[in-house]
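**Q** Each chain is listed here by its residues.
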Amino acid sequence: MSKYFSKAKVKYMFYTLTHPMDGFYEIRHRERGSVPLAVVSVILFSLVYSMNKMVASFIVNDTDPRTVDSLDNLGGVLLLYLLFCVGNWSITCLLNGEGRLKDIATALGYSLVPMTLCYVLATFVSQFVAQNEEGFYTIIITIGTAWTVLLAMSGIMIVHNYSLAKTMLTLVLTIIAMLIIVFIVMMLSDLVNQVYGFIYSIYTEILFRN
Amino acid sequence: MKNMKSKAKLWKKIMLAVLSVCLLTPEVAVRADSTVPYDSYNYDYWEDIVFTPAPYIPDTSVSGTTIGVGSFLSPQDLCVSPGGNIYIADTGNHRIVEVDSKLSSAVREINGFVRDGVQEKFNQPNGVCVSQNGQIYIADSENHRIVVLEESDLSFVKIIENPEADVLPENFLFVPLKITVDYADRVYCIAKNMFQGIMVFEQDEFTGFFGTIEVNVSVWDKIWRKLSTKAQRSKQLLFIPTEFTGIDIDQKGFVYASNVDTWGKQAVRCLNPKGQDVIRKGENGNVGGDLVTSGTSDYSGVSRIVDVVYRDKGIYSLLDSRRGRIFTYDHEGNLLYIFGGLGTQAGTFTTPVAIEAVGDKVIVLDSYRKELLVFKETPYGRLINEAVGLRYDGDETLAVDMWKQVLMLDENNELANVGIGKAYLTAGDNERAMKYLKLGMSRQYYSVAYRRYRNEFLKEYLGYILTGLLAVIVAVVFVLKYRKKKKGVYEEEGGAFDV
Numbered sequence: 001m002s003k004y005f006s007k008a009k010v011k012y013m014f015y016t017l018t019h020p021m022d023g024f025y026e027i028r029h030r031e032r033g034s035v036p037l038a039v040v041s042v043i044l045f046s047l048v049y050s051m052n053k054m055v056a057s058f059i060v061n062d063t064d065p066r067t068v069d070s071l072d073n074l075g076g077v078l079l080l081y082l083l084f085c086v087g088n089w090s091i092t093c094l095l096n097g098e099g100r101l102k103d104i105a106t107a108l109g110y111s112l113v114p115m116t117l118c119y120v121l122a123t124f125v126s127q128f129v130a131q132n133e134e135g136f137y138t139i140i141i142t143i144g145t146a147w148t149v150l151l152a153m154s155g156i157m158i159v160h161n162y163s164l165a166k167t168m169l170t171l172v173l174t175i176i177a178m179l180i181i182v183f184i185v186m187m188l189s190d191l192v193n194q195v196y197g198f199i200y201s202i203y204t205e206i207l208f209r210n
Numbered sequence: 001m002k003n004m005k006s007k008a009k010l011w012k013k014i015m016l017a018v019l020s021v022c023l024l025t026p027e028v029a030v031r032a033d034s035t036v037p038y039d040s041y042n043y044d045y046w047e048d049i050v051f052t053p054a055p056y057i058p059d060t061s062v063s064g065t066t067i068g069v070g071s072f073l074s075p076q077d078l079c080v081s082p083g084g085n086i087y088i089a090d091t092g093n094h095r096i097v098e099v100d101s102k103l104s105s106a107v108r109e110i111n112g113f114v115r116d117g118v119q120e121k122f123n124q125p126n127g128v129c130v131s132q133n134g135q136i137y138i139a140d141s142e143n144h145r146i147v148v149l150e151e152s153d154l155s156f157v158k159i160i161e162n163p164e165a166d167v168l169p170e171n172f173l174f175v176p177l178k179i180t181v182d183y184a185d186r187v188y189c190i191a192k193n194m195f196q197g198i199m200v201f202e203q204d205e206f207t208g209f210f211g212t213i214e215v216n217v218s219v220w221d222k223i224w225r226k227l228s229t230k231a232q233r234s235k236q237l238l239f240i241p242t243e244f245t246g247i248d249i250d251q252k253g254f255v256y257a258s259n260v261d262t263w264g265k266q267a268v269r270c271l272n273p274k275g276q277d278v279i280r281k282g283e284n285g286n287v288g289g290d291l292v293t294s295g296t297s298d299y300s301g302v303s304r305i306v307d308v309v310y311r312d313k314g315i316y317s318l319l320d321s322r323r324g325r326i327f328t329y330d331h332e333g334n335l336l337y338i339f340g341g342l343g344t345q346a347g348t349f350t351t352p353v354a355i356e357a358v359g360d361k362v363i364v365l366d367s368y369r370k371e372l373l374v375f376k377e378t379p380y381g382r383l384i385n386e387a388v389g390l391r392y393d394g395d396e397t398l399a400v401d402m403w404k405q406v407l408m409l410d411e412n413n414e415l416a417n418v419g420i421g422k423a424y425l426t427a428g429d430n431e432r433a434m435k436y437l438k439l440g441m442s443r444q445y446y447s448v449a450y451r452r453y454r455n456e457f458l459k460e461y462l463g464y465i466l467t468g469l470l471a472v473i474v475a476v477v478f479v480l481k482y483r484k485k486k487k488g489v490y491e492e493e494g495g496a497f498d499v
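Protein chains in written order, with our numbering: chain A, 1 to 210; chain B, 1 to 499.
Please note that the accuracy of each hint is not assured.
Below, a list of computed lysine-lysine pairs in the DSS-like style, where the Cα atoms sit at most 27 Å apart [as the list claims (entries may be wrong)]:
#, chain 1, residue 1, chain 2, residue 2
1, B, Lys158, B, Lys252
2, B, Lys484, A, Lys11
3, B, Lys435, B, Lys459
4, B, Lys481, B, Lys459
5, B, Lys102, B, Lys361
6, A, Lys7, B, Lys485
7, B, Lys370, B, Lys192
8, A, Lys102, A, Lys9
9, A, Lys7, B, Lys481
10, A, Lys11, B, Lys485
11, B, Lys486, A, Lys11
12, B, Lys281, B, Lys438
13, B, Lys252, B, Lys265
14, B, Lys485, B, Lys438
15, B, Lys370, A, Lys53
16, B, Lys313, B, Lys361
17, B, Lys235, B, Lys121
18, B, Lys252, B, Lys281
19, A, Lys11, A, Lys102
20, B, Lys486, A, Lys9
21, B, Lys481, A, Lys9
22, A, Lys9, B, Lys459
23, A, Lys102, A, Lys3
24, B, Lys102, B, Lys313
25, B, Lys281, B, Lys404
26, A, Lys11, B, Lys158
27, A, Lys166, A, Lys102
28, B, Lys158, B, Lys121
29, B, Lys192, B, Lys235
30, B, Lys235, B, Lys158
31, B, Lys192, B, Lys274
32, B, Lys484, A, Lys7
33, A, Lys166, A, Lys53
34, A, Lys9, B, Lys484
35, B, Lys361, B, Lys281
36, B, Lys435, B, Lys281
37, B, Lys404, B, Lys313
38, A, Lys53, B, Lys438
39, A, Lys7, B, Lys486
These aren't lab readings, by the way, just hints derived from the structure by calculation.
Using the sequences plus the hints, can you model the full thing?
**A** The following block contains the structure:
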């Protein structure tokens, strides 16, 4: 456990936020990243996101607090994270990407940290803004999102040793791959359901025969 | 055998006793509105349905026989004269019936009039209106004319017929349906198959159209039309403006006209004397009846507003024939309350066609049931009406008491919360104002209250806050210095931080 969450690893995560080029390179080549830490970061992000929807001030928040389900959000975010990692991994495997699945997961999880922090800050700031001052709130959110996007992009670029153009291409392909995965999973679950239904009807048939 | 028979008899007796006790004892726990045959509800900020106490409850129903003129036949319109009497256009019987303001008995029955010594009759009069100057205007539909009679003695005044203008198509057949008259005796008339707008007559002359509804063709429609062939296009529906369905006028001469809106966004227009629509829409930008309209049955779909009545102090009500609801809005377009429903019970409609308001009562004309259904105000409805009226007059502080009573009956009433919040805001109690304005989901006023509260807070505590901040900064600086020193020592000892 301490191997994954050691002080050094946590420190290195924050080092990566400000030095993405070196940071992600060493994550790929010198094992300085930690997948569990990245997953924790994703979980934290989803919690902070739900919190923002629930307690951000009435002025900036147009969500009905009763409709926010933090467990739902957690499931959604984790699923999306998993989908993206797997999708990206399957595409980059075919396109000479150097990154392993754990590198992709780490890079993506780490790059969510600025967004998490900015959401916390924005939620706090939102308590003190009136109308026409929502700008403060939105700018914080925007900065956090932009930072995260840049980090994720550079993370994937460096981990796979890609050029920027190739990164863009793989990102588009990743989204397509994600859709294909979703489609296959849905189809598979439907088929399994049908097989189950078939077996179950045979079972009831046998049950009622005697 | 005999024993059994007597046993059965005994049982029968017991059952009878129990039954009679059940029937004779009045029910104990009855909900206040359980006698009302419809749900009263409203939409909250999230556009969810919230049920409210009934603002109006069924009072009586009045048919032709109860007022002594024989049954109505497909009556189509209803109007209140300045004197308070009610005129009914009894279309199928070719007559106009005047009823006293208490709806107890008919005052007179107008079957025709005498023009130049000749007795003339009506043919399917669809609309009736009494002007402020005491003249009855009758839309004599199948005779293609508007007949004007003196209210006092029914003497013939004039006839408006055969409107002529370049804008009218040739061989245009004038079939007036609904009419209203303003203080200057201008006649506003909704005519059959007249999509250009409301026809306006001044001094018997047709002067033009009024309040034309623009057709909006969506991009999708345009693309679809471009793609289809000529033969297909000829079979498609024409893009024509929606029709007006009902009309009313306020004291200042603003015409309220209801129309069919396929999108359910705006089913009523408030037309200023220039014919421009000056209606105000509320928070959700909707004056079209129901907001929740999904479904595929006959009962679902957007509200079909068939008539509008301007009541008082900017309040107007719309009558929906699809679900038999009556929607009441204030001058700002806030939905105040909804009541009414379709059905066959007393107090429900089959085919509502016209609505009017007299004092604290709302009267709806049902053409299939040949009845007038009268609804009377409950304390809840009265409080809302009065509070909105006071706000219309600018006496928001006076309205607070009413709003507080409304909250006792309907805790989540957003209008009431906003009303109270605004009053606290004017009184300078910003903290309370914030609480109520937030409950009323009024971002704008909440923000004003919050800003004032924040300024007050800062004025009082800024000194402490800044001092505290300074202390924290100093502490941090000291701690950092101390740690650096310690770290320096640590590094000198050869334990350099290396990961």
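**Q** What hint numbers does the structure not satisfy?
**A** 4, 14, 15, 17, 22, 26, 30, 33
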